[in-house]
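Read top to bottom, the protein sequences are chains A and B. Residue numbers for the first sequence follow this note's numbering, beginning at 14 and rising by one. Residue numbers for the second sequence follow this note's numbering, beginning at 43 and rising by one.
Certain hints may be false.
[What the hints assert, rightly or not] Output of the computed footprint for chain B on chain A, the stretches with three or more beta carbons under 8 Å from beta carbons of chain B: (1) 61–70; (2) 77–84; (3) 129–141; (4) 147–153.
[What the hints assert, rightly or not] Which chain B residues stay away from chain A? Per the calculated CB distances, all over 10 Å, these: (5) Ala131; (6) Met140; (7) Ala440; (8) Gly495; (9) Ala636; (10) Ala651.
Hints in this document: simulated from the structure, not taken from any laboratory. A virtual CB, placed ideally from N, CA and C, is assigned to each residue, including glycine.
Each chain, written out:
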Amino acid sequence: MTAVPLQPPRRLIEFTLDGRETRVPEGSTILDACRAAGKDVPTLCEGDTLTPKNACRVCVVEVAGARTLAPACSRRAEAGMDVRTDTRRARHSRKIVLELLASSTDLSTTPRAAEWIKEYQAEPGRFGAGAARLNEAPKIDNDLYVRDYDKCIQCYKCVDACGEQWQNSFAISVAGRGFDARISTEHDAPLTDSACVFCGNCIEVCPTGALSFKSEFDMRDAGTWNESAQTETTTVCAYCGVGCNLTLHVQENEIVKVTSPHDNPVTHGNLCIKGRFGFQHVQQH
Amino acid sequence: MDLHFGDGKPTDQERAAVDALLGPASSPWEGADDRSETDLRWARGGRDARERRDQLLPGLHAINDRVGWISEGALDYLCRRLTIPPADAYGVATFYAMFAVAPRPARVVHVCTDLACAVRGSAALCADLEERLGAAGATEGDVTWQQSPCLGLCERAPAALVLQAGEPASAAGRAPSPLHSGPRKAAAEVVRRRTSAVVAPATAGTVASAATAPEAAPGEPPAAMAVPQAGRPDLTLLKRVGVVDPASLDDYRAHGGYAALRRAFGIGPAEVIREVTEAGLLGRGGAAFPTGRKWQATASQPDHPHYLVCNADESEPGTFKDRVVMEGDPYALVESMTIAGYAVGAHQGYLYIRGEYPRAVARLEHAIAQARSRGFLGENVLGHGYAFDIELRRGAGAYICGEETALFNSIEGYRGEPRSKPPFPVEKGLFGKPTAANNVETLINVLPVLTMGAEAYAAVGTGTSTGPKLFCVSGSVRRPGVYELPFGAALDELLELAGRPESIRAVLLGGAAGGFVRPDETDIPLTFEGTRAAGTTLGSGVVLVIDDSVELPRILLRIAEFFRDESCGQCVPCRIGTVRQEEALHRILDRRGAEAADDVALLREVGSAMKDASICGLGQTAWNAVESAIDRLGVYAAADPERSTT
Ligand code: SF4
Ligand code: SF4
Ligand code: SF4
Ligand code: FES
Ligand code: FES
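Let's have the full structure, built from the sequences with the hints guiding it.
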């Protein structure tokens with residue numbers, strides 16, 4: 014995402030980012046500014062198509078004069094702010110957040126998690142073997158997608174995508190609280206008995222692989238999932254006249270999953286059940 | 043939005059509970075059984091119903107109060123009535139500790155195991171209860187018992203609360219508030235008359251008998267019993283507690299009530315704010331923010347309506363002052379809220395009381411109804427052309443709802459998760475509108491500010507901490523209770539009043555989110571600046587005294603357990619950090635020195651990230667008390683004669 018919008022023009026505000034005078038359009042977050050300046054701040058709960066819940070706190074930065082650190086993904090840049098992205102305090106919190114997450118959650122399918130754990134020298138093992146974990150069995154209650162909440166970091170993205178930010182189906186919510194909080198349907202009913210319309214938009218935004226296509230889940234299980242051997246082809250969905258973009262992920266001549274480009278101004282990566290899951294017929298011939 | 047409901051049907055009882063709150067369903071669109079001609083052509087619900095989202099929490103209460111738990115059918119029916127997706131409502135119902143979504147007996151006994159009760163023997167009480175009522179959480183006959191966080195009865199610790207679900211004895215609905223300009227249009231909260239019993243101080247015998255027959259349990263002592271100074275002429279905030287009849291508006295007026303509101307009307311809103319600002323009134327909820335500035339900021343917002351919220355969700359372990367004031371002098375709060383509403387330009391006030399305070403809820407419901415019927419609330423308060431009304435909302439067992447933005451979410455019918463700030467409530471608060479949120483003690487201070495005048499008020503206390511202050515003294519003292527002292531008195535003075543024990547091991551100031559001080563530090567001046575200079579905090583005014591008989595590591599473990607239980611779960615440092623903190627404290631429970639060093643280091647590292655990176659005050663302060671116990675009390679240090687503190 015670039016920090017320079019095409020239109021409408023906005024007022025520029027000036028603030029200091031790691032000691033450099035920086036100008037960003039009003040309304041930009043600190044993260045927008047960091048990205049425009051080529052700084053790599055780790056993020057997990059932030060997503061390009063959603064308003065982040067700023068729940069993971071892995072993106073925290075130091076704002077001069079503030080008692081606590083600020084989430085770069087959500088805090089708007091203000092004129093005159095003095096922001097440091099790489100201080101000891103900020104790095105310490107990021108390291109601890111990564112340790113806490115990795116000690117309780119399976120991050121094996123979270124892109125970049127391993128890289129950041131190394132970068133911040135996080136040692137998730139130091140909480141001991143007895144450290145509480147989520148320990149959830151994968152929920153497989155339909156043929157289209159699997160919910161493996163052992164990998165869930167509770168970023169709220171799927172809830173927001175299913176709810177008021179995109180799909181308006183409100184099939185899932187956060188239930189319980191504290192460490193026992195889980196993403197859940199009402200009364201923990203199977204998806205097939207819930208309001209889920211299987212648009213798969215929650216899978217599209219999930220940053221950890223906790224939500225995945227059944228095809229991907231099965232292939233990973235069988236040890237045949239091989240991302241490096243996959244090709245991606247973006248095309249137009251043929252089911253109806255809306256013209257959504259589909260990205261077909263193909264491994265060994267089989268479509269293994271379908272995503273959708275987030276920069277499409279109409280769909281922002283959202284699809285319906287047909288575009289997302291109706292790829293079997295393509296493979297029949 | 044395309045709502046999807048299961049096949050669950052409510053029982054007659056569940057339907058009646060919801061209908062008593064919302065009125066009967068008028069169309070099948072919202073759950074009625076019969077279809078009328080127009081229903082075939084006209085879809086209803088939608089926007090109208092969605093605007094009643096804030097009735098979700100009262101609705102869940104209605105079902106839980108009647109049946110004791112919330113079934114699928116009941117939740118579905120409530121969701122139909124309010125056009126709320128069931129998954130969403132399920133997320134809300136499972137957020138609060140007082141609700142259950144699995145069957146359980148109608149009678150639930152909550153036994154406090156929090157700090158003051160732990161000091162006063164709750165562990166033995168629980169062990170005894172296990173023999174009489176079975177294990178916690180198990181069902182014995184038609185009753186179950188469970189451990190509970192602080193019930194706000196700390197002066198009578200150990201404490202228990204019996205809640206009995208069932209038919210309301212009087213289902214007389216009250217008229218909907220006539221001037222509601224916010225999103226909620228109709229729907230009156232029904233006056234509940236439940237059989238609940240407070241047992242404090244509790245013994246296994248008294249709890250067991252109240253659990254069998256709550257209606258036969260002895261009544262609670264009057265609120266004044268919690269005020270050892272009651273009746274003393276030099277009291278300001280507590281002067282009416284024990285003196286005035288809490289059920290009589292006339293008696294309140296005979297004791298100086300409504301003089302402050304008359305003065306407010308006389309000088310106008312801007313002058314009221316000026317007086318409060320010049321009086322130097324600082325918020326008493328813990329943050330010590332200048333009240334006048336908050337009011338000014340709210341009053342000057344161009345966006346409308348403005349709201350006033352009274353935060354009476356007093357859940358900090360060791361805090362019970364708001365309960366005592368609300369029970370002993372409820373009209374004082376009604377009057378203060380009216381003044382605050384007038385000052386900030388609000389026409390609707392919300393009073394959010396924690397659900398574990400049945401008597402305070404009843405007293406305020408009564409006081410509000412009386413004030414309304416006598417023209418002290420309503421379209422035209424006292425004939426001054428100012429419209430103001432108060433709605434009471436009950437919390438449902440969630441400490442975090444004392445955080446103001448979580449409280450807004452709770453009122454609005456969402457999970458009580460804090461919002462990130464900015465934007466601040468004065469700009470975007472309840473229902474996204476400018477909101478002044480104050481706690482009970484802050485608000486009742488406005489009465490003396492107006493009756494004495496800013497100058498006289500500011501002369502009380504110290505230069506920067508002005509006025510009188512309430513303290514909740516509990517633990518190992520002879521006369522626990524709520525004390526009023528002018529700011530600046532030393533901790534020693536307060537301990538003398540309350541009956542200092544032979545040997546003090548430590549004093550916890552400010553509650554679970556506060557900090558410990560040593561017995562040789564009890565000359566600390568009780569002011570915001572004085573405690574800050576001493577590296578601790580006044581917080582919510584908790585003074586929990588711990589004598590030599592109490593094992594500190596166990597108290598610390600209880601604090602950690604409390605925060606782990608009460609974390610909303612939104613952000614990682616707090617959701618997982620509180621768990622790791624508790625685990626570490628468990629490991630070092632009986633260790634000292636080198637044996638504890640690794641875990642102490644781990645605690646420090648996790649604690650500093652929680653302080654720095656958590657979204658709200660809960661996660662930011664969850665490590666304070668433990669940190670102070672390590673640093674000031676040397677709690678895990680080796681038994682080393684060099685360290686005088688262990
Ligand atoms: S597939 Fe679509 S409807 Fe179903 S839970 Fe995910 S976002 Fe919601
Ligand atoms: S399932 Fe994925 S998107 Fe949903 S909260 Fe968990 S990690 Fe986030
Ligand atoms: S700090 Fe704790 S209580 Fe506050 S938002 Fe985060 S998880 Fe919730
Ligand atoms: S990415 Fe900013 S808080 Fe999660
Ligand atoms: S009532 Fe038990 S600690 Fe407050």
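Consistency of the hints with the structure:
| no. | hint | in the structure |
| --- | --- | --- |
| 1 | 61–70 | holds (count 5) |
| 2 | 77–84 | holds (count 3) |
| 3 | 129–141 | holds (count 3) |
| 4 | 147–153 | violated (count 0) |
| 5 | Ala131 | 7 Å, violated |
| 6 | Met140 | 13 Å, holds |
| 7 | Ala440 | 7 Å, violated |
| 8 | Gly495 | 35 Å, holds |
| 9 | Ala636 | 17 Å, holds |
| 10 | Ala651 | 4 Å, violated |
Consistency with the previously given hints fails for numbers 4, 5, 7, 10, ordered from lowest to highest.
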